[in-house]
Amino acid sequence: MSVVKMRKIRVIGLKEEKEKMIRQLQKSEFIHLKGFEEGTLDNYFSGHDPDSEERHIGEEIAHIESTISFLEQFNENKALVENFFPARVETDEKEFEKTVRNFSYQEIVKNVNDIKEKISKISEKISFLHNDIALLTPFKNLSWSPCEAKETQTTSSLFLKGPKEKHDSLINKLSEIDATCAEIISIDADFACLLLMYWKENDDEISSLLKEEGFETVNLSLCDKLPSNAIDSDKKQIASLLDEKEKLFRKIKQLLQYKDKLMMVHDWYLFRLQREKAKEHLCESQRTFVLQGWVRKDDMNKIKATLQSDFPSTHIENIDPDKGEFPPIEIKNPALVRPFQGITKLFGLPHFGEVDPSGFVAPFFFVFFGLCLTDVGYGFVLIALTLFAMKKIKVGVEGREFFRLFLLGGIATIFWGIVTGGWFGIEIAKLPQVLKMLILINPLDNLMKLFILALSFGVVHILLGIGVEMYEQLRSRNFADAFADQLSYLIILPGVILWIISKQGFLSPQFNQTALFIMLAGAGIMVAASLFKKGRNPLLNLLISLGGFIWKSKDFLGNILSYSRLMALGLATSIIALVINILAGIALEQLPYLGILLALFIIIVGHLFNIAINTLGAFVHTTRLQFVEFFSYFFQGGGEAFQPLSQESKYIISKVKRSPTSTCSDVTSERAGRRTGGR
Amino acid sequence: MELGLGLSIAGGALAVALAGMGSAIGIGTAGEAADGVLSEEPGKFGNLLILVALPGTQGIYGLVVAFLVMQKIGIIGGTVPEISAYQGLQMLFACLPIALTGLISAIHQGKVSAAGVGVIAKQPKAFMQSVIFATLVETYALFGLVASIFFLNGITL
Chain D
1 MSVVKMRKIR VIGLKEEKEK MIRQLQKSEF IHLKGFEEGT LDNYFSGHDP
51 DSEERHIGEE IAHIESTISF LEQFNENKAL VENFFPARVE TDEKEFEKTV
101 RNFSYQEIVK NVNDIKEKIS KISEKISFLH NDIALLTPFK NLSWSPCEAK
151 ETQTTSSLFL KGPKEKHDSL INKLSEIDAT CAEIISIDAD FACLLLMYWK
201 ENDDEISSLL KEEGFETVNL SLCDKLPSNA IDSDKKQIAS LLDEKEKLFR
251 KIKQLLQYKD KLMMVHDWYL FRLQREKAKE HLCESQRTFV LQGWVRKDDM
301 NKIKATLQSD FPSTHIENID PDKGEFPPIE IKNPALVRPF QGITKLFGLP
351 HFGEVDPSGF VAPFFFVFFG LCLTDVGYGF VLIALTLFAM KKIKVGVEGR
401 EFFRLFLLGG IATIFWGIVT GGWFGIEIAK LPQVLKMLIL INPLDNLMKL
451 FILALSFGVV HILLGIGVEM YEQLRSRNFA DAFADQLSYL IILPGVILWI
501 ISKQGFLSPQ FNQTALFIML AGAGIMVAAS LFKKGRNPLL NLLISLGGFI
551 WKSKDFLGNI LSYSRLMALG LATSIIALVI NILAGIALEQ LPYLGILLAL
601 FIIIVGHLFN IAINTLGAFV HTTRLQFVEF FSYFFQGGGE AFQPLSQESK
651 YIISKVKRSP TSTCSDVTSE RAGRRTGGR
Chain W
680 MELGLGLSIA GGALAVALAG MGSAIGIGTA GEAADGVLSE EPGKFGNLLI
730 LVALPGTQGI YGLVVAFLVM QKIGIIGGTV PEISAYQGLQ MLFACLPIAL
780 TGLISAIHQG KVSAAGVGVI AKQPKAFMQS VIFATLVETY ALFGLVASIF
830 FLNGITL
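Chains as they are written, first to last, in the numbering used here: chain D, 1 to 679; chain W, 680 to 836.
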């Protein structure tokens with residue numbers, strides 16, 4: 001439960017060792033590189049010149065990536081989950097390096113691209129032919145080829161197409177024009193097609209008439225066959241093109257086997273690109289280079305040892321941060337809290353000097369999540385589904401932590417399920433005696449109890465929030481503030497709650513007095529401490545503190561009531577579960593034989609749906625309670641994340657946990673050497 | 680008695696119908712936006728699905744309240760008790776919080792979700808944050824649900 005301490009270091013090394021050192025730093029994930037402020041270095045050093053290398057690598061990555069995504073489209077054995085999670089490939093270092101060294105990916109990329117191009121050309125042709133067929137179909141009964149309808153010196157002939165209901169009026173009007181001959185060729189559901197011959201001198205009249213009636217000319221002058229023959233040959237062509245396309249598809253499917261290898265090569269280039277980008281933070285003199293950045297304090301010795309053994313002529317020194325510069329933030333927690341780090345990160349890392357709230361988030365998230373589902377059966381299903389997903393879906397470290405969050409959530413759900421008697425929504429009256437004995441709160445009979453439980457969690461959560469705020473104030477030595485604005489709240493609020501409880505008659509009336517006394521004590525502390533606040537007039541400080549308390553009181557009330565959602569969500573889950581069972585029961589009763597199947601279907605699909613939608617609800621609402629209600633008291637976030645230069649992959653997941661000190665057998669450098677013409 | 684029963688049923692029916700209408704509109708808005716992104720980036724289906732599904736919960740809350748009403752008036756498994764017109768009115772009004780908050784909040788949650796869809800199109804990493812924003816709207820439907828449940832719980836038939 002802490003923010004990792006950071007140190008800023010500067011490393012000066014020989015230029016010829018630059019490549020190797022950067023590779024070493026990338027593998028070991030030690031350093032978060034920082035550029036140099038203008039004027040902090042001597043004139044000997046100048047910024048790193050970006051070369052065309054970076055662009056070239058970027059292009060290569062884009063090529064491979066588009067190849068992979070094209071191949072992906074043809075992957076028929078895709079598991080359902082892969083629609084939700086991007087495909088990845090699991091590999092270890094050995095396999096990765098072997099692949100990168102031996103696999104001639106360029107050939108595959110070229111093949112795939114060729115096929116892609118061919119397919120798109122074929123598709124284009126096919127759509128052209130379809131258009132042709134559509135054009136010719138109305139004229140398919142013509143017993144001569146349309147290109148014979150030529151114009152003579154004095155006459156013209158046109159093929160026409162227009163709305164069916166207009167063709168009578170068109171023919172009537174045409175017949176009024178001298179020496180014009182119109183013949184119906186075909187009429188279908190929507191359109192009528194005609195052949196028209198007329199004197200050229202009537203050109204204008206005819207074209208305006210056609211416009212009026214909504215008829216268009218159809219250009220068939222290119223068709224030198226009988227239309228029916230032309231359609232047949234088009235169809236044949238389409239068939240053969242489809243055949244060809246099918247063959248290409250089959251070829252692509254064969255190439256699909258190289259997808260994993262392409263992914264590895266892609267990531268190999270990606271790692272190189274990341275190294276190139278890292279170089280932008282470097283400065284160089286004629287013979288040396290210098291870099292600086294943040295490292296974990298605990299890593300310091302390891303870094304010195306590693307770098308100085310591999311690069312003896314390297315100089316490493318501790319330096320001070322630039323003016324106004326804060327160290328990047330990394331949070332570190334014990335294994336049980338780690339899944340909840342993700343929640344903190346979602347909000348934003350703590351800024352420098354802030355507490356890492358993950359440790360506080362953990363227990364409450366756990367409890368709240370379970371309270372939103374409250375069903376033993378659902379808890380087990382959630383755990384089973386998560387375990388299944390962990391097996392099926394390849395994810396990185398953060399993804400695994402995310403899954404663990406749901407495993408823990410499942411456990412909490414089981415706990416609350418036992419307490420509230422939720423077993424797949426089975427009515428409590430029908431549960432076996434043993435399970436009934438375990439029930440502490442029956443939600444539907446004892447609504448108020450559940451409500452108060454939810455609000456009590458809210459009170460504890462908020463008091464903890466104020467407590468952490470107080471701790472932060474104390475840590476930054478604002479004692480008076482801590483006493484006036486936090487400690488006093490921590491005393492008054494429980495007093496108020498005690499007062500409410502005893503007023504409601506849950507406690508003997510003498511507690512009334514005690515509660516009042518507690519509240520007064522808190523108020524006393526507030527008044528006394530606010531007089532000691534730094535700055536400003538003491539009286540003004542007092543007014544600010546009192547006003548602040550009144551202002552915040554409405555927030556307390558709203559915040560605490562907000563926790564009633566825990567009850568509502570839990571109740572919604574169990575009631576919907578109940579409804580599903582009732583529906584299944586009706587199906588079972590009303591339908592003989594088939595009813596069993598239908599009931600089973602309703603139960604399985606219904607409960608799965610209920611689990612899915614309510615797990616989503618449990619997650620987001622629990623998260624919201626942390627962000628809006630809890631964090632608002634003490635946590636702002638917004639720290640810059642510690643992002644050491646590392647191998648950030650897009651596709652590959654390493655099978656064995658990478659040991660940071662493993663020295664790379666230098667395939668990478670070999671290949672780099674080959675590309676850049678050797679070093 | 681007849682009127683009381685009718686009013687109670689009207690309450691339950693409004694809870695399901697109004698909240699459900701809200702959800703339908705909300706999902707419609709979000710779904711339309713999501714389809715647009717899907718045509719460009721089918722890989723984001725999982726994330727989009729979650730955003731589109733968010734405004735669906737109000738309909739469920741409506742159903743929860745309707746179920747409580749049904750249980751109370753003995754429509755499912757039980758005997759129908761005597762319900763006076765006044766009691767019927769009580770039932771009807773008890774259902775209104777979830778019916779109205781469900782209707783309005785789902786529509787607006789749909790809009791926020793649709794905006795969230797736009798966010799994931801550009802910034803896939805901000806997915807969860809935009810989900811949280813959409814959830815802020817839902818809070819009020821949840822409060823409506825809490826109020827309706829308590830009202831119903833308090834009515835004695």
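Derived from the structure by calculation, the hints contain no laboratory data. Since the structure is predicted, the reported quantities are computational estimates derived from the model, not experimental observations. Certain hints may be false.
[Stated by the list, open to error] Below 20 Å or equal to it, Euclidean Cα-Cα: the simulated EDC-like pairs (lysine to aspartate or glutamate) are:
no., chain 1, residue 1, chain 2, residue 2
1, D, 650, W, 720
2, W, 723, D, 65
3, D, 173, D, 124
Report the numbers of all earlier hints that the structure fails to satisfy, in ascending order. 3
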